[in-house]
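Model the full structure from these sequences, guided by the hints.
Chains as they are written, first to last, in this note's numbering: chain Y, 1 to 263; chain Z, 264 to 465.
No lab work stands behind these hints, which were simulated from the structure alone. It cannot be assumed that every hint is accurate.
Derived pair list, reagent style DSSO-like, types lysine-lysine, alpha-carbon separation capped at 30 Å [said to hold, decoys possible]:
#, chain 1, residue 1, chain 2, residue 2
1, Y, K130, Z, K343
2, Y, K130, Y, K61
3, Z, K313, Z, K288
4, Z, K344, Y, K130
5, Y, K75, Y, K247
6, Z, K344, Y, K61
7, Z, K421, Y, K247
8, Y, K167, Y, K61
9, Z, K305, Z, K350
10, Y, K167, Y, K130
11, Y, K61, Y, K75
12, Z, K313, Z, K350
13, Z, K421, Y, K53
14, Z, K288, Z, K314
15, Y, K247, Y, K167
16, Z, K288, Y, K167
17, Y, K167, Y, K53
18, Y, K247, Y, K61
19, Z, K350, Y, K130
So the derived list for chain Y, only partly shown, Cβ under 10 Å to chain Z, looks like this [claimed, not checked]:
#, residue
20, L154
21, F155
22, A159
23, F209
24, A228
25, I230
26, I251
Residues from chain Z that keep clear of chain Y, each with C-beta distances beyond 12 Å, as calculated [claimed, not checked]:
#, residue
27, L272
28, F289
29, L422
30, Y441
Glycine included, every Cβ here is placed at the ideal spot set by N, Cα and C.
Below, each chain spelled out in residue letters.
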Amino acid sequence: MKIGKAASILFLLLISFELKGASSGAGLEGMLYFFAFLILFILFRSPKIPSLKTREIAGIKALEEAIGRSTEMGKPILFISGTKPVPSVSAVAGMNVLGRIAKLAARYGTPIVSPHNNSITMMAATEEIKEGLRSSNNEELLQDCSIFYLTDSLFPYAAGINALTSKVRPGAIFYMGTFYAESLILTEHGQNTGAIQIAGTDSVAQIPFFITTCDYLLMGEELFAASAYIQNDEASLRSIFMLDLAKAATIAYILIKIFVVNL
Amino acid sequence: MVEIITLILMLFVLSFLMGDNPFFKFTERLIVGISAGYGFLKLFDDGFIKKFWIPLVQEGQYWVIIPGLLGMMFFFTFSKKWNFLAKYPLAFLLGTGVGLEIGPRIETSILRQINATAVNFSGMSAGQVINYIIILVALLTTMYYFLFVLRRDRPAEKLIANIGIFFMMLGFGASFGYTIMGRISLLIEVINIFFEKITSIF
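Given below as structure tokens:
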């Protein structure tokens, strides 16, 4: 409780500092550091947060259903990483989802086909898939999986994936990461093959196309939260909780600032 | 001479419209071969010669050995016994890449947006105030939708989240329509050019 009170006082002090300095942004930056510190503290030092539960995200729940359906049909699953390579946040979040997909695929014995447009992304994906198969004690499945580099050019990449989709006829297709103009080309073709499609992207401009052609979609922040969700441990839940707290504080900050600016 | 070769290769590529044939295959392999060869040489020159060899040998910058070695560790991927060593440069890239990306994102996607949201109403017309209130409601309800810890069991919570979804779908719908309009205007332009060419010939 003492920590909570101290945190609230510090938060209010930072808000007042920011409002006093009008739009300097100094207090706002201070708030960000404050939340970064609070997240680290709660992640590593604080006692357990009682009954911490999160709402369900349909796209994550559907991962198992999609892989199960693919298994029933005797078809492989297709994982497509975004156009932005791995050091980008969205690609890293996509890799975490791939880890979960690999675990489920190993459990069902369904091979994964995964083309990439960047060699580093391909390596990261290979490691994730290997780790996923290893944790489900089905490393032999790697021989049936196909993880490869296609091309780094946008439209040849899309054309290559479409050709692959027509040839392999996967039961489920996953699109995870940042996408550009190729999104509708990929998802429309995937939909024509009858595969169940789950996408996760932070590309706001492409979300409408994913909504119209995919069965499930992880929108923006949901993709980042998904990578924490699927870990399903105390630390991940705490990080989601802390990010929510930061968002709630931002909402409060905006409302207070509007009120003060218009006084 | 170059124009004739270009024209012939174009015809070879377009011959695919009549089905797969040796002329198309020849052009396809020619492009792939040239691209791969050019790409490799460019990468070798930009990545190895200019960023590693010249600074190390000619300029005496010995620190480039560290990133050089990290880069070369990727080649351990091909060894079954030592492939774990390839994970270290990958981890380095992931860590630095994510760290470098988060900083600018905080500045552009969070700080500036928050500051731009809180505005003074004085000097605004009634219409502008209404517009601003709609934007504010859309922003706050959308942010509320992305709170994951709240279970949304109560009707009020569901209502706020649904308003957020409504605004998001409104935005996505407008974006989708705008893109389709752009595509249609492109098609109209192409059709216009086609008819202009036809009329100029006859």
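Outcome of the hint check:
no. : hint            : verdict
1   : Y:K130 x Z:K343 : holds, 13 Å
2   : Y:K130 x Y:K61  : holds, 23 Å
3   : Z:K313 x Z:K288 : violated, 36 Å
4   : Z:K344 x Y:K130 : holds, 15 Å
5   : Y:K75 x Y:K247  : violated, 41 Å
6   : Z:K344 x Y:K61  : violated, 38 Å
7   : Z:K421 x Y:K247 : holds, 18 Å
8   : Y:K167 x Y:K61  : holds, 28 Å
9   : Z:K305 x Z:K350 : holds, 26 Å
10  : Y:K167 x Y:K130 : holds, 24 Å
11  : Y:K61 x Y:K75   : holds, 20 Å
12  : Z:K313 x Z:K350 : holds, 25 Å
13  : Z:K421 x Y:K53  : holds, 17 Å
14  : Z:K288 x Z:K314 : violated, 37 Å
15  : Y:K247 x Y:K167 : violated, 45 Å
16  : Z:K288 x Y:K167 : holds, 19 Å
17  : Y:K167 x Y:K53  : violated, 42 Å
18  : Y:K247 x Y:K61  : holds, 24 Å
19  : Z:K350 x Y:K130 : holds, 13 Å
20  : L154            : violated, 15 Å
21  : F155            : violated, 14 Å
22  : A159            : violated, 12 Å
23  : F209            : holds, 7 Å
24  : A228            : holds, 9 Å
25  : I230            : violated, 13 Å
26  : I251            : holds, 6 Å
27  : L272            : holds, 17 Å
28  : F289            : holds, 19 Å
29  : L422            : holds, 15 Å
30  : Y441            : violated, 9 Å
Going down the numbered hints, you'll see the structure goes against 3, 5, 6, 14, 15, 17, 20, 21, 22, 25 and 30, while the others check out.
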